[in-house]
Amino acid sequence: MNFSFTSYLKRLRSILIGVLIISFLPSIFFGIAPLQSMKLWEYTIENRKYSLFPDIFDKFFYSMTIFFTALLLGLLVALLLTFLATLLPRPLKRAVYGFLTLLESLPDLFIVIALQVSAVYIFKKTGLLIANVSGVYDNRIYFFPILTLSVLPTIQLFKITFLLMKEEQNKPYITVARAMGLGNLYITLNHVFRNIMTSLFQYSKTIFVFMLSNLFILEYVFNLNGIMTIMLNTQGVSFIITVLFIAIPFSFLFEVMESYRGGINVQKEDAA
Amino acid sequence: MIVRLLRQPQFLIGFLFIASLILLSFIYPSLMDVQKESKFLYDENEVIVGVAPFSPKDMPPFGTDMNGKHLLYLVLEGAKYTILITLVIAFLRIFFALFFSLFHRKSKSTFFDDIVQATLYIPTAILAYMFMVPLFVKDATEPMGMMTLIMLQCLILVGIGVPPLVSTFSEEIRSILAKDYIVSTFSLGSKKPYVYYKHVLPELSSKLLLLFAQQAIQTLILLAHLGVLAVFIGGSKTVMMGDIFNLTPATISLSGEWAGIIGQSYQKLLTAPWIILVPLSFFAFTIFSINLMIQGIQNSLKSNKS
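One line per chain: the protein sequences are A and B, in this order. So that you can map any letter, position 110 of the first sequence is 110 in the working numbering, and since no number is skipped, the others follow by simple counting. So that you can map any letter, position 30 of the second sequence is 30 in the working numbering, and since no number is skipped, the others follow by simple counting.
Here chain A stands alone, though its shape is the one from the complex (with noise of 0.2 angstroms):
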């Protein structure tokens, strides 16, 4: 573990200046200043002006209540459907590949609208109301945007484990293990899942930027009042703002996850 808060710093100046650049932009190019009558806090949606503050902290925790848990659910999920998967015989492994590469090239927007509709459409076949679909303005839900928001990082860590799982499986110190008379429940568990964490670490990056995209699609289609939803309704002073909401915490994980990365690969070197 090596965090510098230099580093840190110099990441943080480096997102101020470029959040500076593109909210000013728009303006420079197409030369239309920004609401005079605006306060510097207010922001509008649908010719109604709300203040930024203090709403955005609450606002703020509820996305992010649902990006986390929605996290947390995809992981768990992932893992435990590959280690289902490695319990298959190795045809079906094949089909479950093909099958992955398929669901990853549904649109996010697909999945929520789909996710959406086929709720309402169970409700009105059944009288049944799984959870409640779409928020209304105090009214706020978590079930169902956490379910649908996990979908497709599930899917996509699913794809990640399973490979990593299959390169795994030819090192040396599985045949090893095997030679030792040790189950094969027992090498998946104890060994190959500790070395696959380490390695999907490394993709945690990716995933979490490709997941904010995938909040705000759905703060969108379920009418949840999110951070997400300020930020396209925002300009100028108030949108920096509300970036800066997002950037501060999740560059803070950024940099942590790379100086642990960077530690692991210090080690590795070492040892070769």
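What the hints contain is simulated information worked out from the structure, not anything from laboratory work. For each residue, glycine too, the CB sits at the ideal point set by N, CA and C. Honestly, I wouldn't trust all of these hints.
Label pairs and their calculated CB-CB ranges [to be verified]:
| id | chain 1 | residue 1 | chain 2 | residue 2 | range |
| --- | --- | --- | --- | --- | --- |
| 1 | B | 194 | A | 50 | 58 to 66 angstroms |
| 2 | A | 84 | B | 179 | 38 to 46 angstroms |
| 3 | B | 196 | A | 248 | 36 to 44 angstroms |
| 4 | B | 30 | A | 204 | 50 to 58 angstroms |
| 5 | A | 260 | B | 26 | 48 to 56 angstroms |
| 6 | A | 257 | B | 214 | 18 to 26 angstroms |
| 7 | B | 23 | A | 172 | 45 to 53 angstroms |
Go by the hints and put chain B onto chain A.
Leaving out everything else, chain B in the frame of chain A:
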């Protein structure tokens, strides 16, 4: 390279699907001469029994939209615009990124890096939306032609994708330039343009094809998102819809691309979900066939190495 790619069944399937979709989209008016609209459904006594939209059950294969237009034709009509725009945007992104990264490596400015760092936390759809909305405002005050609007929108979509690509490319080029044989080429006295043309670009070329396909997928997803946000390529116009007692304004996409079909019926999601799910599943199939092509390319690269 091309012959080897054609031997990959996955590449072939993906390629054939997309090619036939574009081809069908261009020639379907001369192939099928059936009615493209059915606003009302009559029974055998010529009595109206139903009004559009019809579900796929009533009007196979895909049903109709709110105005009774058959979705099959809408989707076919839109295929050429959607896929061609996507391919053009993906190509331009790669082209400009390559162009910039050749200069970027020398200069000390961190302009692109800063933007890349910031765009990690802003979903691309929001980014595109930020640039598109002022464009529409401007179009409303001083109208420009549809072609200009489409060009400007494509430029925005290209510009959004360029910075991340520049940073990938400059890293790639840096690692290629650090290779031993490049260093010795330099010490033998060859000029920089020669090295770039003769050594760097060929090494990149296999990666370029992969990146092109990935960019195409990202552009398709971005287009779908923008459709839901009611930002249409080619602009939109607001018309009054419904009967005389129930007039509601509706935005209609002017070009027929798939995202437009999604966006203009998005409010009707729960009453007529097939209008949205049909174009979305076409998006999904197109992305799937591009994924198949990617897999084919990767397989052929692997067999090339071994």
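Verification of the supplied hints:
Take residue 194(B) and residue 50(A): their Cβ atoms lie about 59 angstroms apart, and the range 58 to 66 angstroms holds. Between residue 84(A) and residue 179(B) the C-beta distance comes to about 44 angstroms, which sits within the given range of 38 to 46 angstroms. The hinted window of 36 to 44 angstroms between residue 196(B) and residue 248(A) holds, with their beta carbons roughly 40 angstroms apart. Remark: the range hint 50 to 58 angstroms for residue 30(B) to residue 204(A) is upheld by a beta-carbon distance near 52 angstroms.
Taken as a hint, the range 48 to 56 angstroms holds for the pair residue 260(A) and residue 26(B), whose Cβ atoms sit roughly 53 angstroms apart. At about 23 angstroms, the CB distance of residue 257(A) to residue 214(B) agrees with the hint of 18 to 26 angstroms. For residue 23(B) and residue 172(A), the hinted distance range of 45 to 53 angstroms is satisfied, since their beta carbons lie about 52 angstroms from each other.
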